[in-house]
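**Q** One-letter residues, chain by chain:
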Amino acid sequence: EDKVVQSPLSLVVHEGDTVTLNCSYEVTNFRSLLWYKQEKKAPTFLFMLTSSGIEKKSGRLSSILDKKELFSILNITATQTGDSAVYLCAGGYNFNKFYFGSGTKLNVKP
Amino acid sequence: EAQVTQNPRYLITVTGKKLTVTCSQNMNHEYMSWYRQDPGLGLRQIYYSMNVEVTDKGDVPEGYKVSRKEKRNFPLILESPSPNQTSLYFCASRVGTAYNEQFFGPGTRLTVL
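Protein chains in written order, with the working numbering: chain A, 2 to 111; chain B, 114 to 226.
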């Protein structure tokens, strides 16, 4: 059965902290790993990873994929209150069918 | 403005009364998809469409139908809604090329009594 598991389920940090969110996957015919940020609305795209070991960065956020160990991490450095959200990862089957994890809820306190 | 729109945004209905949730995108995207989101379960894919007249099942297609007669529209049909279909529904689209992000609509909150 295809599945994606995220950990931790929730996390509380203070502004300025660095956090690491984890995503492990078991997806048949895996092709891509996606990260989304969801506040009280629709998810917004962060990263798409297809190659193992290549880090993608966008400002304070970065992500890397390990296709051998079947996991990805999302790092957020110097967290801000605006980073508070649910972070979702998804494993893509053939680029068309996606399995999402249940998300990590991040709460950044001032 | 490039966007995915869904209607209605909120709907309360009763068991067995057929309903349609519309989804439209103005970005000329080939690929469109429907998801439902439930607490603790994350997003689960219902159906997706690679292009006009091409649709396929996602992870949880039971109880749903879709059609793709035009490129811009991808309606979700519940022929006989049941309370377990109470959920938050998202439509998404992307350019057909595999390496592009999905753009999500604002969501439709459906309650089936």
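Source of the hints: derived by calculation from the structure; they are not laboratory data.
Note that the structure is predicted; figures quoted are calculated from it, not measured.
Be aware that one or more of the hints could be misleading.
Unchecked claim - Which chain A residues face chain B? A few, computed with CB under 8 Å, are given here:
no., residue
1, Met49
2, Tyr100
3, Gly102
Backbone N, C-alpha and C define an ideal beta-carbon position, used for all residues, glycine too.
**Q** Determine for every hint whether it applies to the structure shown.
**A** Here is how each hint holds up against the structure:
no.	hint	in the structure
1	Met49	holds, 6 Å
2	Tyr100	holds, 7 Å
3	Gly102	holds, 5 Å
Violated hints for the displayed structure: none, as all numbered hints are satisfied.
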